[in-house]
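Chemist: Below are the chains, spelled out letter by letter.
Protein chains: 2
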Amino acid sequence: MRVIGLDLGGTKIAAGLFEGDRLLKKEVVPTPKEGGEEVVRALAQAARALGLEGVRAVGLGTPGPLDFREGVVRFTPNIPGVKDLPIRRLLEAELGLPVFLENDANAAALAEHHLGAGRGFGSSVFLTVSTGVGGGVVLGGRVLRGERGQGGELGHMTLLPGGPVCGCGLEGCLEALAAGRALEREASYAYARSVSVPELFALAQEEEKARRILLQAASYVGLALASLVKAFDPGVFVLGGGVALNAPEAYWEALLSTYRRYLQGWEAPPVRKALLGADAGLLGAALTARFGVEDGAR
Amino acid sequence: MRVIGLDLGGTKIAAGLFEGDRLLKKEVVPTPKEGGEEVVRALAQAARALGLEGVRAVGLGTPGPLDFREGVVRFTPNIPGVKDLPIRRLLEAELGLPVFLENDANAAALAEHHLGAGRGFGSSVFLTVSTGVGGGVVLGGRVLRGERGQGGELGHMTLLPGGPVCGCGLEGCLEALAAGRALEREASYAYARSVSVPELFALAQEEEKARRILLQAASYVGLALASLVKAFDPGVFVLGGGVALNAPEAYWEALLSTYRRYLQGWEAPPVRKALLGADAGLLGAALTARFGVEDGAR
Chain A
178 MRVIGLDLGG TKIAAGLFEG DRLLKKEVVP TPKEGGEEVV RALAQAARAL
228 GLEGVRAVGL GTPGPLDFRE GVVRFTPNIP GVKDLPIRRL LEAELGLPVF
278 LENDANAAAL AEHHLGAGRG FGSSVFLTVS TGVGGGVVLG GRVLRGERGQ
328 GGELGHMTLL PGGPVCGCGL EGCLEALAAG RALEREASYA YARSVSVPEL
378 FALAQEEEKA RRILLQAASY VGLALASLVK AFDPGVFVLG GGVALNAPEA
428 YWEALLSTYR RYLQGWEAPP VRKALLGADA GLLGAALTAR FGVEDGAR
Chain B
178 MRVIGLDLGG TKIAAGLFEG DRLLKKEVVP TPKEGGEEVV RALAQAARAL
228 GLEGVRAVGL GTPGPLDFRE GVVRFTPNIP GVKDLPIRRL LEAELGLPVF
278 LENDANAAAL AEHHLGAGRG FGSSVFLTVS TGVGGGVVLG GRVLRGERGQ
328 GGELGHMTLL PGGPVCGCGL EGCLEALAAG RALEREASYA YARSVSVPEL
378 FALAQEEEKA RRILLQAASY VGLALASLVK AFDPGVFVLG GGVALNAPEA
428 YWEALLSTYR RYLQGWEAPP VRKALLGADA GLLGAALTAR FGVEDGAR
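Quick note, the sequences are listed as chains A and B, same order.
The first sequence begins at 178 in the numbering used here and counts up by one.
The second sequence begins at 178 in the numbering used here and counts up by one.
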């Protein structure tokens with residue numbers, strides 16, 4: 178089946194023409210800063226540039242909480258002007274094709290499950306640790322969206338009651354303890370100056386203070402995975418995102434050590450690094466389109 | 178479809194003959210203290226006493242971690258001598274009927290979903306707060322068992338790193354913070370004498386010290402539910418168990434207040450009290466048998 182995948186990011190839009198899982202052609206354009214309708218127009222233009230002939234459907238991966246029933250992006254923290262945008266209806270009108278939406282972390286989870294590190298497992302739980310922490314749960318080959326689109330928002334599970342306040346407004350979320358921005362917050366406090374994630378990684382090779390910040394964050398990720406075993410017991414965990422994938426070896430050791438410590442007496446699913454890199458979102462958008470047509474669901 | 182449900186408890190075995198969801202006949206016998214084979218014989222005898230004519234299958238709800246693939250109860254804390262018991266094979270040999278196993282909390286979750294407080298919702302997450310804390314997740318009308326039978330073990334999600342050590346050996350589990358035995362531990366410490374759950378409930382009507390213990394435990398349940406929204410986003414939460422259902426009103430207020438506090442900015446699924454009482458396990462066992470036949474799965 179020929180489909181188009183669209184991956185809407187804060188700085189760029191990636192568009193891919195797919196035949197099955199095979200990427201035939203790819204376009205990347207900057208994300209307009211003006212707001213909702215400009216974004217829709219840019220998405221449509223990127224799709225058209227790939228050629229719409231023979232295309233059955235379009236899949237769109239987008240940040241922000243989604244209303245799947247109405248096909249609306251409620252808001253996105255990184256693209257100003259996108260608020261309560263009926264993106265599905267607008268894009269369908271532009272392209273004359275059915276459009277299927279997915280949250281960007283869910284799309285990446287879907288791609289890693291079918292084509293990446295989760296391949297061959299019956300189910301997978303995906304966590305991406307970068308600026309924020311995103312999650313996605315794939316059961317029976319499909320994303321668990323939950324009844325209100327809030328399923329798989331694993332970055333906002335509470336790990337430490339009374340812990341640091343998250344961007345989402347709640348306290349002690351995994352994201353507030355382990356995301357790149359959380360690492361920067363802790364490092365900048367401890368060093369009384371602005372410290373970036375790459376700098377923290379470098380410092381951690383030499384200094385106990387930096388190492389401690391890094392390993393504490395890694396432990397929270399391990400703790401979260403252990404709790405998720407008792408919720409989903411997935412076939413595999415897939416970990417992606419710039420922080421997790423670029424962190425020094427000690428980060429992974431701390432993560433896995435805490436994970437195993439909180440699973441003593443339990444069976445521990447394997448933990449794998451994500452394989453698809455930046456393309457995961459685009460591949461997931463294409464799968465969303467294909468499954469949307471096959472399943473006849475939204 | 179005519180099926181038999183069997184509910185294996187620490188003190189008694191309940192057996193029910195069902196036509197669809199309708200209970201035609203019920204037997205209750207004591208659980209043998211001697212061990213595995215005696216337990217199997219008692220289960221078979223209870224089933225036979227109901228009459229096997231026209232019965233398509235038997236569903237068995239049992240405590241303890243299960244190996245669903247092999248049909249084995251690994252162990253149960255409350256029935257001595259039950260260890261690595263191939264209960265499915267033994268019971269099938271005794272009865273000459275297909276036997277379908279389910280964890281007891283999962284069976285109750287299934288019953289509440291289809292016949293009780295979860296009826297009419299697309300999915301439900303069930304939590305039973307009694308001596309321990311059990312859980313069950315029902316998605317698409319079926320129990321989420323996970324890949325190794327560890328799914329829905331919600332009592333052992335870590336809520337407080339560094340918290341009290343649980344019966345399972347890990348620390349800070351929901352069960353270690355909110356189960357009846359946790360309430361007794363806290364109350365007995367605070368009053369420097371043995372205090373039971375009913376006594377704590379009574380004391381909490383009059384004394385701040387007792388109330389604080391109770392409300393803290395309730396808050397942990399509310400916190401767990403809020404995190405579960407970000408994992409499953411279920412249609413409804415169903416809460417059962419002697420502690421939750423018999424607790425004073427203040428317990429529920431604290432539970433719901435923490436739940437809502439950790440869902441600010443999110444949509445909160447409704448929280449309902451379980452409706453089926455002690456029969457949930459038996460009804461769930463019968464549903465397990467029926468779905469086992471219908472789905473052709475184990």
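It should be emphasised that the hints constitute simulated quantities derived from the structure, not laboratory data.
Where a beta carbon is used, it is the ideal one built from N, C-alpha and C, also for glycine.
Take these hints with a grain of salt, some might be off.
[To be verified] Partial list, derived from the structure: chain B residues whose beta carbon lies under 7 Å from chain A:
(1) GLU196
(2) GLY197
(3) ASP198
(4) LEU200
(5) LYS202
(6) ARG319
(7) GLY323
(8) GLN327
(9) GLY328
(10) GLY346
(11) TYR366
(12) GLN393
(13) LEU400
(14) GLU444
(15) VAL448
(16) VAL470
[What the hints assert, rightly or not] In silico negatives: residues of chain B with every beta carbon more than 10 Å from chain A:
(17) LEU337
(18) VAL406
(19) LYS407
[Said to hold, decoys possible] In silico lysine to any residue, SDA-like type, Cα no more than 20 Å apart, as pairs:
(20) A:LYS189 with A:GLY212
(21) A:LYS203 with A:LEU227
(22) B:LYS189 with B:VAL205
(23) B:LYS202 with B:GLY231
(24) A:LYS260 with B:TRP443
(25) B:LYS260 with A:GLY442
(26) A:LYS450 with A:PHE298
(27) B:LYS203 with B:PRO242
(28) B:LYS260 with B:GLU214
(29) B:LYS260 with A:GLU444
(30) B:LYS210 with B:LEU274
(31) B:LYS260 with B:LEU229
(32) B:LYS260 with A:TRP443
(33) A:LYS260 with B:GLN441
(34) B:LYS189 with B:MET178
(35) B:LYS202 with B:GLN222
(36) B:LYS260 with A:VAL205
(37) A:LYS260 with B:GLU444
(38) A:LYS260 with B:PRO207
(39) A:LYS203 with A:GLY241
(40) A:LYS386 with A:SER365
Chemist: If a hint holds in the structure, say so; if it does not, say that too.
Modeler: Evaluation of the provided hints:
no.: 1; hint: GLU196; verdict: 31 Å, violated
no.: 2; hint: GLY197; verdict: 27 Å, violated
no.: 3; hint: ASP198; verdict: 24 Å, violated
no.: 4; hint: LEU200; verdict: 30 Å, violated
no.: 5; hint: LYS202; verdict: 36 Å, violated
no.: 6; hint: ARG319; verdict: 10 Å, violated
no.: 7; hint: GLY323; verdict: 2 Å, holds
no.: 8; hint: GLN327; verdict: 4 Å, holds
no.: 9; hint: GLY328; verdict: 4 Å, holds
no.: 10; hint: GLY346; verdict: 5 Å, holds
no.: 11; hint: TYR366; verdict: 20 Å, violated
no.: 12; hint: GLN393; verdict: 11 Å, violated
no.: 13; hint: LEU400; verdict: 6 Å, holds
no.: 14; hint: GLU444; verdict: 5 Å, holds
no.: 15; hint: VAL448; verdict: 14 Å, violated
no.: 16; hint: VAL470; verdict: 21 Å, violated
no.: 17; hint: LEU337; verdict: 7 Å, violated
no.: 18; hint: VAL406; verdict: 6 Å, violated
no.: 19; hint: LYS407; verdict: 4 Å, violated
no.: 20; hint: A:LYS189 with A:GLY212; verdict: 14 Å, holds
no.: 21; hint: A:LYS203 with A:LEU227; verdict: 7 Å, holds
no.: 22; hint: B:LYS189 with B:VAL205; verdict: 7 Å, holds
no.: 23; hint: B:LYS202 with B:GLY231; verdict: 14 Å, holds
no.: 24; hint: A:LYS260 with B:TRP443; verdict: 16 Å, holds
no.: 25; hint: B:LYS260 with A:GLY442; verdict: 15 Å, holds
no.: 26; hint: A:LYS450 with A:PHE298; verdict: 14 Å, holds
no.: 27; hint: B:LYS203 with B:PRO242; verdict: 26 Å, violated
no.: 28; hint: B:LYS260 with B:GLU214; verdict: 11 Å, holds
no.: 29; hint: B:LYS260 with A:GLU444; verdict: 17 Å, holds
no.: 30; hint: B:LYS210 with B:LEU274; verdict: 25 Å, violated
no.: 31; hint: B:LYS260 with B:LEU229; verdict: 28 Å, violated
no.: 32; hint: B:LYS260 with A:TRP443; verdict: 16 Å, holds
no.: 33; hint: A:LYS260 with B:GLN441; verdict: 19 Å, holds
no.: 34; hint: B:LYS189 with B:MET178; verdict: 26 Å, violated
no.: 35; hint: B:LYS202 with B:GLN222; verdict: 14 Å, holds
no.: 36; hint: B:LYS260 with A:VAL205; verdict: 59 Å, violated
no.: 37; hint: A:LYS260 with B:GLU444; verdict: 17 Å, holds
no.: 38; hint: A:LYS260 with B:PRO207; verdict: 62 Å, violated
no.: 39; hint: A:LYS203 with A:GLY241; verdict: 24 Å, violated
no.: 40; hint: A:LYS386 with A:SER365; verdict: 12 Å, holds
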